[in-house]
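Visitor: In the order they appear, the protein sequences are chains Y and X.
Counted from 1, the first sequence has number 975 at position 975 by this note's numbering; the numbering is strictly sequential.
Counted from 1, the second sequence has number 463 at position 463 by this note's numbering; the numbering is strictly sequential.
If you're looking for bench data, these hints aren't it; they were derived computationally from the structure.
Treat the hints with caution; some may be incorrect.
Lysine-lysine pairs mimicking DSSO-like chemistry, simulated, CA-CA at most 27 Å apart [said to hold, decoys possible]:
hint	chain 1	residue 1	chain 2	residue 2
1	Y	Lys432	Y	Lys37
2	Y	Lys214	Y	Lys461
3	X	Lys261	Y	Lys661
4	Y	Lys770	X	Lys261
5	X	Lys508	Y	Lys1043
If you want a taste of the chain X side facing chain Y, the calculated C-beta under 10 Å gives, among others [claimed, not checked]:
hint	residue
6	Ser34
7	Thr56
8	Leu132
9	Tyr234
Heads up, the beta-carbon is just placed ideally off N, CA and C, and yes, glycines get one too.
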Amino acid sequence: MKITLLLILISSFNLLATDTYSQTAKVSLRLNQISLKQALKEIERSSEFYFLYNNELIDVERKVDIQSDNEQINTILDRLFNDQEIKYAVYDRQIVISPTNMPLPQEAARKISGKVTDSSGGTLPGVTVVVKGTTNGTITDTYGNYSLSNIPANGTLQFSFVGMKTQEIAIGNKTTINVTLAEETIDIDEVVAVGYGTQKKVNVTGAVDVITNKKLENRQAPTVSQILQGQSPGLEFSLGDNGFEPGASMKINIRGTGTLNGGAPYVIIDGIPGEMDRLNPNDIESVSVLKDAAASAIYGARAPFGVILITTKGGRKNEKLSISYTGYFTVATPDRLPQMLDSYTFARVINEFGVNAGGRTYSNDAIKRIIAYQNEDWDYLKQFYPEGTTYYEAMPLANGTWGANQNAHANYDWYDEFYGTSLNQQHNLSVKGGSDKTAYYVSAAYMDQNGVVNYGTDYYKRYNLMGKVNTSITDWLDFRYETRLSKSNREFPSMPGTMPYSYMFWQVIRTVPTQAKYNGTGLYNLQSKIPMVEDGGTSENETTENWHILATELRPVKGWKINGEFAYQSIKTLQSNRELTVYTDNVDGSMSAFATSVPSSLQEIQGNISYWTTNAYTSYNLTLDKHDILFMAGTQFELNQSNQLTASITNLIVPSIYSLKTANGDIVARDDLAHWSTQGYFGRFIYDFDKKYLLEANARYDGTSRFKQDNRWGFFPSFSLGWNVNRENFWQNISKYVNTFKVRGSWGQLGNQQVASYQDLALIPLQPGKLDWIFNYGASRPSGYTGTPNLVSTDLTWETSTTKNIGVNTSFLNNRLQLDFDLFERITENMIGPSEPLPGVLGASVPKSNNATLRTRGWESALRWVHDVKRSALSYHVSLNISDAQSVVLDYLNPTGIITDWYAGKRVGEIWGYTAHELFKTKEDVDEYLSKVDMSYIYNTWNPGDLKYLDTSGDGKVDRGTGSLDNHGDLSVIGNDMPRYQWGLSGGFDYKGFDFSFLVKGTAKRDFYVRSDGNESNYAYWGLNTWLHTGLTTEHLDYFRDKPGDEYTGLYEGDANINLDAFWPKLYIQGAQNYKNRHPSTRYLLDLSYIRLQNVQIGYTLPQSFINKVKLQKVRLFVSGENLFTITDAIKGIDPVALGQTNLIFGGTYRTDKMISFGINITL
Amino acid sequence: MDRPPLDAIGNESYWKTAKDLENYVIHFYPSFPSHSLWQYGYGYPIKNADNAMEVTPNIILNGERGVTVGRWTNEWSNIRSVNIFFDNYKRCEDNFDLYKHFLGEAYFFRAWFYFELVKKYGDVPWYSTELLPGSSEELSRPRDPRTAVVDSILVDLDHAINVLSLRSKYKNNRISKEAALAFKTRVALYEGTWQKYHAGTAFGTTNANPNKYFQICVDAAQQLMNGIYQVGIYNDYYKMFGLDDMSSVNEILLYRAYNIKDGVFNDVQYQTTFSPFEVGITWSLVSTYLDKNGKPYDYLGLASTTKGNAFLTKLTQDIDPRCHAAVWVPGDLISARNGQVFQKPSIDQVGSLLNPTGFQLRKCSNPNSPGAGANGGGTSETGYILFRYGEVLLNYAEALYELQGVVATNVLNLLRARAGMPAFTVNPQNSDPNWSSYGYSISDALYEIRRERRVELALEGFREDDYRRWAAHKLFKGKRPKGYPFDPNEFPAYHPPLDENGLIDYMKNTLPAGYQFRENQDYLSSIPAEELNLNPNLTQNPGWQ
């Protein structure tokens, strides 16, 4: 189908050629010892000529040579046929070849003529019109007209054109035949990958969506998961705490939450389970998303929450060798970077918060220094510094150190300091081709993505190599060997202690503007966090994955196939975590170590995973008249063994040598060993009658080592039905308007084996780490001790999800408009949930049991418009996909109805909160309200500018009751933070060598509450918790102010400072005072819906005439932009996509980068 | 498909050797309290009593503590874990002598875990074997009277004392016979005084016999004092608490050690020498110290004339040196490394740098520690004392007096002598201008014994237990914690609230009526409500119903 589309584009081009084509066209070819047939094909391929000849009269298997360099066709053909009894005639682009003893077509008495149009009534030039079974033919002219002579009366005219359905019309006595050609439906014969085989899309009865490589190529996003965003309805994406770090993988959910215990789609690459983000995106041919149980039941307990089937590219038989190179350079900058307050504003604002409560932070003297610094009044500042000072940013302190925080008076926007641009690159080279027996594809890729942080080392590099050979040993035996190597390297700054990577971004947020970048001596001040990032060491992860896949297909008799697949994967991981001691200088020039960075340490982790799997399956396809039947049965085995060796040591002797040998602490080593295996038997039955009535049944019997013997095996069936209504007779009249109409329905069950192993065995945990106790002063902690065994669960088993799906696929307007719609319900039963609670004196958590139920209902729809405008060089396409899913807990053990836990009836994502609309404006407001409503449950003092929580229950107090469903006080469900109505809109056009495409994606509805826990809240959003836990940006200036300001306090001097209609509440230096205003409430419920321009690409393909001169097939230059803009209500600093869990509190994560790329595609 | 775990061992194959028992029992050591990292480096629990204050009123002292939410499963997990030891240790195939010390440690830990529960909840059910989800009868048992639980604790401790090795074998980072004896005096004194002073209230146990526990305390203390044990009194009171290496200190029977090189360290020096973290020592504690002659001192009289730094300096000249060991005075060396000295208390600072009272915590500081004066955390190895002989002497003196009305002067003088104070004498209560009522009358001698305990053990975390077992809420109820006499000349830009005597009265506005301790309720925590639902036989503690 991709080829078809390509030809449409090429032929659109050709229409511009003039009548004197044969004179102007120049052909360059170098072909040795190929058949004449092949030679003619090559000429057709590299030009617009078409040959007409009769196989039986011309010896087309004769081997010939062509050596032409920009020559006219006549010259070439003369040379080709000069010693042959062959003559030829050129009619514009059509060339008729015949033996010399046959007359060439002449104008004859019997003539026929007519006009060829397309369905919209436009004329179609270039259509081949042939008398069937002869070489007699022509092509239509610019106006779609043709005329043919020498017509036999009983003949049939055949009209063909690429991208159109071929039509045949009996000539009879007609002298004029006008024809309207119908476009070939783009996917009418499209074959989609389904589990253990392929199916024509028209016959598919499950919910399957296909994403083609067109949509995946030339994207600068580093990983496949990121590129899939917005491409298919029903796919949801989320990120971990590290956000869009270089090389970030996104977590994908198909059709919403599948289980409360977490589950991901099963990813199959070329028939074997794998990791999509280790692939080179340019190696992907297509991605099938199997959404319902009918489509994925063949994978049984491995795939309860959908399957993503990835098919990689391969060569085709009889395909000419081609070499493609794609490369691009990308400049990335952080998107939506907030702006910090300047230091003077910051100090006044902080002091105002201190006056509100907690005490002023910046003394008048400190503010004077801040002003002096801003005015570069070095003479004033010099008085505080010893001789020889070169930077006046941090005060020299009595204890001999350089001051930080309020003892510094610099002026930095740390967002600007830390974030800059990065230069990234990707290169892909692929070679493919094939003979009549063997096809091959080889590719290599390199990707280099760098973080946009200005300090430290932060990159992701990936190297991919892939090779694939398909060969037909005989016409009944095929063999495939595929190998893939993927190596990735990720290195990023280590954070002190065991702090995660996201800690770095949190530190940037909380570094206050007065913080010094340089100490008096010009070395970096510790509190600038620059030494931590620059000198604190790095973590380096290297993952090398090797795949070997052998597959064979045997076809003993027609319709019977036997497939065997064997795959071996080995993953080697090397992780090196280095934490180096960070030093800072004191006023007297001596150096001291930053305490939490002592001792320096090195941790080396080496891991190996070996994975074997075999698939063996056989199918038999029987076609009897209109009955089409397929049986398939097979089995799969998997074995996974992993081991990991971790060694760590402290006190590196030379900080730059990362070796266990060159450290003098004690080595602590541990290993982790694990293994699991599965075994499954599966079968499929498909029956279709006349492509009209479709029936499919799948079943799998699956076992896993993760469960106890008695609970190890599960049976998972599915059934689906389809009806191609448009093939019914009664549809004839409607088919003009509604070209296709298919109704599908399915039911199926799947299991979830993704639970921790050995929950049925009482194990004494062996703790190889160090005990947190020292038995002799000066000695190290002892390594190795044992822990408390858990209570075990003896009857844990599968979670089972049952999916029902109804769908329609329709197309209109000559298949240009396609609409797919699916409605589904998935019920996950036996979900692992809490057991009946037992008294706490038990002293252990009661083992979990299979007792919860979750229901997800939703729909997804895709609307596509594809149109090639035949008479011009324009083709364009637009498609929209949208989906929605909501999950609700039907059953969960929560007898007291605690609202913070799951309970029957709870929707996933529910946000409970208070109702609050406004802030108290005056002291009178506060007193008046407090006289009626007791808010002491939340906090005991209330001021103007605090949040007025409403007493919705009318009991005279604002509280959360017992926090249960029966008594939840003034709390109610105020929103839901699951994304709803996620959509993607993509489109593009090609015109005269230019191509343009775009992808916009968004979420139409999502509430969000930026969390506060205890006295911690995300101050990237809230502005601050306490002094030094601040993240004030210009987005926070609309805060409540009820006192006039002065030179040292307040945003503005005098009454101009008053701001009673503020958005943000009164802010304080005390966490508890701030936190009282941050309980989830309607006022600060965030609308996190967004629209993001994910990708725009503009390309230009150099004209063929130009390219031919340099012997290239294709050269395309393009500019691509990723994440170009985002429309959202969220303040800068909150990325609506990059929201992790931990960073919801701390506010720090790697946000989206805006990327602009310049690239080139060259095909040789 | 049968794939047993590769890196774990089944319960049935374990417990075969003495090493198995040891590897299991040592995992309880980390559950001992510790100094901490980052803020609040000072690990001794001092915030819930009247020796110290924070900037917001303490919720327990002020009667603001809410119900215990959630479950108490975690509080029982160590008890389950140690009971698993008792259920299995007899399967050990090694000679008893090889593993008896580990058995002793297990007894000690069970006693430790139960004592924590008793102090928090009072009556609790006693279990000596692992419970299983099926043992519904056991799971829903009512609470045992606290005296029965304490008796079981004391039995466990007797077992422990029988089989534990002497301190000389494993030194003082490991439980020893000495530590078990010291622990026994602590438990017995606690229960004896609790029953005596809560007698007749909802917190007392009917028919309890306080003297039984006093006798146990006295016996255990005497055993320790008169035996062949490695005990003693260290010569430098201030220095002892700031030591990194306490292994040669005979007074310290059990302590937790740190090792920066091995990645275990604390922030004690950070808190005591750099960031007070909003904690201040109260006037109430400081004014308890006797003068250098062992007589009550007129603190308010001094405060009326001498303020700020001068007040602090004068105290070091006039009163019990143990006060100076606890409170920073201008000129004190903070850091030997950079010669930094203490200038003035950081009462005008904000956040972590704030000391709200002017009496700034010095106990546990050590100018020679690498962390002294350092602007950053994780730099000290200051040990955390779990048991010291000084406490045993005080336990003994108090129990002996409660039992027989006899003052163990010779024992108390060991502490007095080390502090550089004159011999212990009893001052009449009416001669003390700082006298404070326990809410009931006690003899002058007992008043003086309790004073000695307060000053000797000041800021080591004993005060909370002490006021509870003495039912002594009257000491602070209705009062506000005060600071030192403020000198405005030293802080021209800072204007703290002051009381009528010119003392910093930090909570003057936020706590006008003083602490509102609910004496009918706050001596015990509430049993988590969910536990009451799960076990209808559980009863709620007084005041929480």
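Visitor: For the hint on Thr56 (chain X), does the least C-beta distance to chain Y fall short of 10 Å?
Guide: Cβ of Thr56 (chain X) sits 7 Å from chain Y, so the hint holds.
Visitor: Is the interface hint for Tyr234 (chain X) satisfied, with its Cβ closer than 10 Å to some Cβ of chain Y?
Guide: Hint on Tyr234 (chain X): violated, closest Cβ of chain Y at ~15 Å, above 10 Å.
Visitor: Does Lys261 (chain X) sit within 27 Å of Lys770 (chain Y), going by the straight-line distance between their CA atoms?
Guide: The hint holds at about 13 Å.
Visitor: Just to be careful: measuring from the Cβ of Leu132 (chain X) to every Cβ in chain Y, is the smallest value less than 10 Å?
Guide: holds (7 Å)
Visitor: Assess, step by step, whether the Cα of Lys214 (chain Y) is no farther than 27 Å from the Cα of Lys461 (chain Y), and give holds or violated.
Guide: holds (24 Å)
Visitor: Hinted pair, alpha-carbon criterion (27 Å max): Lys508 (chain X), Lys1043 (chain Y). Please report holds or violated.
Guide: holds (24 Å)
Visitor: Do the alpha carbons of Lys261 (chain X) and Lys661 (chain Y) lie within 27 Å of each other, as the hint requires?
Guide: holds (17 Å)
Visitor: Take a quick look at whether Lys432 (chain Y) and Lys37 (chain Y) sit within 27 Å of each other, Cα to Cα.
Guide: holds (22 Å)
Visitor: Should the hint that Ser34 (chain X) touches chain Y count as held when the rule is a Cβ pair under 10 Å?
Guide: holds (8 Å)
In the structure shown, a violation is registered for the earlier hint numbered 9 alone.
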